[in-house]
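Okay, here's what each chain looks like letter by letter:
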Amino acid sequence: MNAILKSPFAWLLKREYWESRRGFLWAQVTAAGVILGITILGIIAGEVFRARMGVNMSVHMGAANLSEMLRSASAHDIGQLVKALDATMLLFAFITGVVQFFVVFFYLLGALYDDRRDRSILFWKSLPVSDTSTVLSKVIAAIFIAPVIAMLVTLAGYIGAQIIVSGWFLAHGVNPFGLLWAHTEPFALWVHLLAMIPVDAVWALPTVGWLLMWSAAVRSKPFLWAVVIPIVAGVLNFWVGLLGLPNIDTRFFWGDLVGRALLSVVPASWIAPDAISHGVNFIDGDQLGAISYGSMGRAFAMPEMWIGAAVGIALIAAAIWFRRWRDEA
Amino acid sequence: MNAAAEAIAERPATPPAAGSEIVVHARGLTKRYKNAVALDGADFEVGNGRIVGLIGPNGAGKTTALKAILGLTDFEGDLKVLGMDPRRERPQLMREVCFIADVATLPRWIRVHEAIDFVAGVHPRFDRAKCERFLSRTKLHANQKVREMSKGMIVQLHLAIVMAIDARLLVLDEPTLGLDILYRKQFYQSLLEDYFDENKTILITTHQVEEVEHILTDLLFIRDGKVALGATMEEMGARFAEVLVNADKIEAARALKPIDERAAVFGKSIFVYDSADPERLAQLGEVKRPSVSDLFVAIMKGTYA
Chain A
1 MNAILKSPFA
11 WLLKREYWES
21 RRGFLWAQVT
31 AAGVILGITI
41 LGIIAGEVFR
51 ARMGVNMSVH
61 MGAANLSEML
71 RSASAHDIGQ
81 LVKALDATML
91 LFAFITGVVQ
101 FFVVFFYLLG
111 ALYDDRRDRS
121 ILFWKSLPVS
131 DTSTVLSKVI
141 AAIFIAPVIA
151 MLVTLAGYIG
161 AQIIVSGWFL
171 AHGVNPFGLL
181 WAHTEPFALW
191 VHLLAMIPVD
201 AVWALPTVGW
211 LLMWSAAVRS
221 KPFLWAVVIP
231 IVAGVLNFWV
241 GLLGLPNIDT
251 RFFWGDLVGR
261 ALLSVVPASW
271 IAPDAISHGV
281 NFIDGDQLGA
291 ISYGSMGRAF
301 AMPEMWIGAA
311 VGIALIAAAI
321 WFRRWRDEA
Chain B
330 MNAAAEAIAE
340 RPATPPAAGS
350 EIVVHARGLT
360 KRYKNAVALD
370 GADFEVGNGR
380 IVGLIGPNGA
390 GKTTALKAIL
400 GLTDFEGDLK
410 VLGMDPRRER
420 PQLMREVCFI
430 ADVATLPRWI
440 RVHEAIDFVA
450 GVHPRFDRAK
460 CERFLSRTKL
470 HANQKVREMS
480 KGMIVQLHLA
490 IVMAIDARLL
500 VLDEPTLGLD
510 ILYRKQFYQS
520 LLEDYFDENK
530 TILITTHQVE
540 EVEHILTDLL
550 FIRDGKVALG
560 ATMEEMGARF
570 AEVLVNADKI
580 EAARALKPID
590 ERAAVFGKSI
600 FVYDSADPER
610 LAQLGEVKRP
620 SVSDLFVAIM
630 KGTYA
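Residue numbers (my numbering), protein chains in the order written: chain A, 1 to 329; chain B, 330 to 634.
Worth double-checking, as some hints may not be accurate.
[Said to hold, decoys possible] Derived pair list, reagent style DSS-like, types lysine-lysine, alpha-carbon separation capped at 27 Å:
| hint | chain 1 | residue 1 | chain 2 | residue 2 |
| --- | --- | --- | --- | --- |
| 1 | B | 630 | B | 555 |
| 2 | B | 617 | B | 597 |
| 3 | B | 617 | B | 578 |
| 4 | B | 514 | B | 617 |
| 5 | B | 480 | B | 459 |
| 6 | B | 363 | A | 221 |
| 7 | B | 514 | B | 555 |
| 8 | B | 409 | B | 529 |
| 9 | B | 459 | B | 529 |
| 10 | B | 586 | B | 630 |
| 11 | B | 480 | B | 514 |
| 12 | B | 514 | B | 468 |
| 13 | A | 14 | B | 617 |
| 14 | B | 617 | A | 6 |
| 15 | B | 514 | A | 14 |
| 16 | B | 363 | B | 409 |
| 17 | B | 480 | A | 14 |
| 18 | B | 474 | A | 6 |
If you are wondering where the hints come from, they were derived from the structure by calculation, not from laboratory data.
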């Protein structure tokens with residue numbers, strides 16, 4: 001283990017983290033912090049309104065009444081409580097997932113471009129590191145380091161929210177343990193979300209490769225190349241179809257080509273095709289079914305997964321080639 | 330002349346010899362860009378333990394030659410650096426070769442300690458203690474970010490890192506461009522005192538020829554993608570002469586076929602000769618070894634015309 005941490009490749013990963021920790025870590029911490037801040041503001045507002053309106057909450061919030069309620073709670077009630085706790089965890093996972101998408105998208109666009117622009121590539125290239133290792137370190141940073149940090153922040157955010165609400169309960173003389181902490185389901189859910197990272201990683205490869213390739217290849221404005229080209233191509237394809245000429249099926253074009261090239265780094269974006277083909281019902285409260293271990297397994301059975309991965313690996317190879325031979329710096 | 334430079338100048342001339350002594354070996358080195366030829370069949374050799382100045386006008390192909398040596402660009406022809414092909418064996422080559430390309434190429438986000446940790450992590454020949462010793466002589470501190478440093482400080486950091494790497498070939502491409510004179514002097518002084526030894530080779534390009542000429546052991550003049558002149562400083566001194574000639578002897582001086590002539594004060598003229606008879610030159614006036622920059626001007630005459 002120690003030898004792995006001291007290997008040159010581990011140092012390449014550390015470098016990626018150092019360079020991008022603002023996005024990978026601090027953007028996530030800020031987003032989770034905002035949610036916690038809103039929670040606190042909500043609690044304060046509730047307390048203030050209650051005091052102003054003179055409503056006596058003790059009927060509902062009183063310690064005795066509440067523990068009585070818990071004792072008499074049916075399995076259904078407990079189920080609803082657990083769902084609420086799960087929803088809190090999912091809220092944090094959702095927020096960090098959105099942040100992760102933007103951070104990783106722009107990280108990949110800049111990963112092999114920014115150092116060419118500021119010429120620091122000449123420093124990196126003065127060290128005995130192969131271009132393959134360099135590019136792969138950026139792939140790993142995008143598909144593992146960023147998501148793992150996002151999940152750690154999710155967990156921290158959930159625990160933070162529970163602590164805040166516990167404090168509120170305690171202020172009202174309610175023991176928060178039975179309500180908030182005795183249920184392990186949210187933590188099992190978190191492990192579940194963590195287990196999705198490898199699935200997300202393979203699914204993300206086409207976007208990772210697409211963005212890295214443009215990042216390594218172009219002299220300027222990688223965003224324009226990477227984003228405008230597929231969109232213009234999609235519009236042209238639609239227009240050709242409009243004229244009644246032979247074109248690529250527009251749903252396939254937007255979904256399977258443009259979508260996979262640009263949006264596969266959206267966490268858990270493989271769920272939609274899986275859910276559609278397996279009839280998982282999102283609307284009817286079966287959100288958790290959509291991310292079951294079974295659906296993760298099925299994701300690897302989808303041809304989209306493997307075709308996308310193959311294309312992604314080819315694009316990453318192209319990025320390595322450009323990294324090696326682009327020499328205008 | 331300072332002590333270190335004297336030590337260099339007194340070193341016995343060891344011209345590039347056969348076998349393992351050759352650090353860079355180029356034959357017919359050619360690089361064509363879309364609209365221009367940067368290198369046009371350049372032939373040169375760099376021997377072990379030399380400090381070579383690669384000197385040429387803008388656009389002569391200096392940087393392209395360095396890029397080829399460092400494996401940063403593709404090329405035609407035959408090029409071996411420490412016996413390796415820089416195109417195919419770049420990662421291995423970079424264990425033995427180091428370079429400072431231009432000033433201020435350190436990434437702006439990095440902190441001093443991160444830069445040191447990283448290089449220590451990836452470079453098998455990096456000596457961390459040595460690097461820290463070099464840095465202790467500067468005002469840099471471990472938590473400082475490159476973006477907070479002046480150009481001169483960035484070069485101090487870069488030089489401290491590079492000098493702590495036990496490389497066999499150090500390539501410097503305009504390493505002191507844009508630095509003030511204190512940093513420039515300190516840069517070359519450190520290289521000589523703390524880095525250079527008989528097992529190391531340094532290849533420098535710069536336009537500030539005056540600042541490096543006293544440390545060079547060899548010169549490579551490059552013009553239009555070809556090597557116009559390659560020799561040791563000793564050979565250079567034996568071959569080229571500069572004479573300050575009074576107005577009355579100017580015709581006699583011209584008869585000896587100078588390679589360059591320029592006006593001096595009081596109606597005198599300065600003539601530069603290649604392989605002329607020293608006795609006959611002595612009759613014309615005061616004979617000196619030409620400075621590298623004057624020699625450069627003489628040899629590059631007409632480059633931009």
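Hint by hint, here is what the structure shows:
1. B:630 x B:555: The given pair, whose Cα atoms are some 15 Å apart, holds under the 27 Å limit.
2. B:617 x B:597: 15 Å, holds
3. B:617 x B:578: Measuring from Cα to Cα gives roughly 17 Å; hence the hint holds.
4. B:514 x B:617: Holds, at roughly 25 Å.
5. B:480 x B:459: Holds - the C-alpha atoms of residue 459 (chain B) and residue 480 (chain B) are around 22 Å apart, at most 27 Å.
6. B:363 x A:221: This hinted pair holds, its Cα atoms lying about 22 Å apart.
7. B:514 x B:555: 30 Å, violated
8. B:409 x B:529: The given pair, whose Cα atoms are some 17 Å apart, holds under the 27 Å limit.
9. B:459 x B:529: The hint holds at about 17 Å.
10. B:586 x B:630: 15 Å, holds
11. B:480 x B:514: Distance ~15 Å between residue 480 (chain B) and residue 514 (chain B) Cα, so the pair holds.
12. B:514 x B:468: 17 Å, holds
13. A:14 x B:617: Distance ~57 Å between residue 14 (chain A) and residue 617 (chain B) Cα, so the pair is violated.
14. B:617 x A:6: 58 Å, violated
15. B:514 x A:14: Since the Cα atoms of residue 514 (chain B) and residue 14 (chain A) sit roughly 36 Å apart, the hinted pair is violated (cutoff 27 Å).
16. B:363 x B:409: Holds. Residue 363 (chain B) to residue 409 (chain B) sits at ~25 Å (cutoff 27 Å).
17. B:480 x A:14: Within the cut-off at roughly 26 Å; holds.
18. B:474 x A:6: OK: residue 474 (chain B) and residue 6 (chain A) at ~23 Å, within 27 Å.
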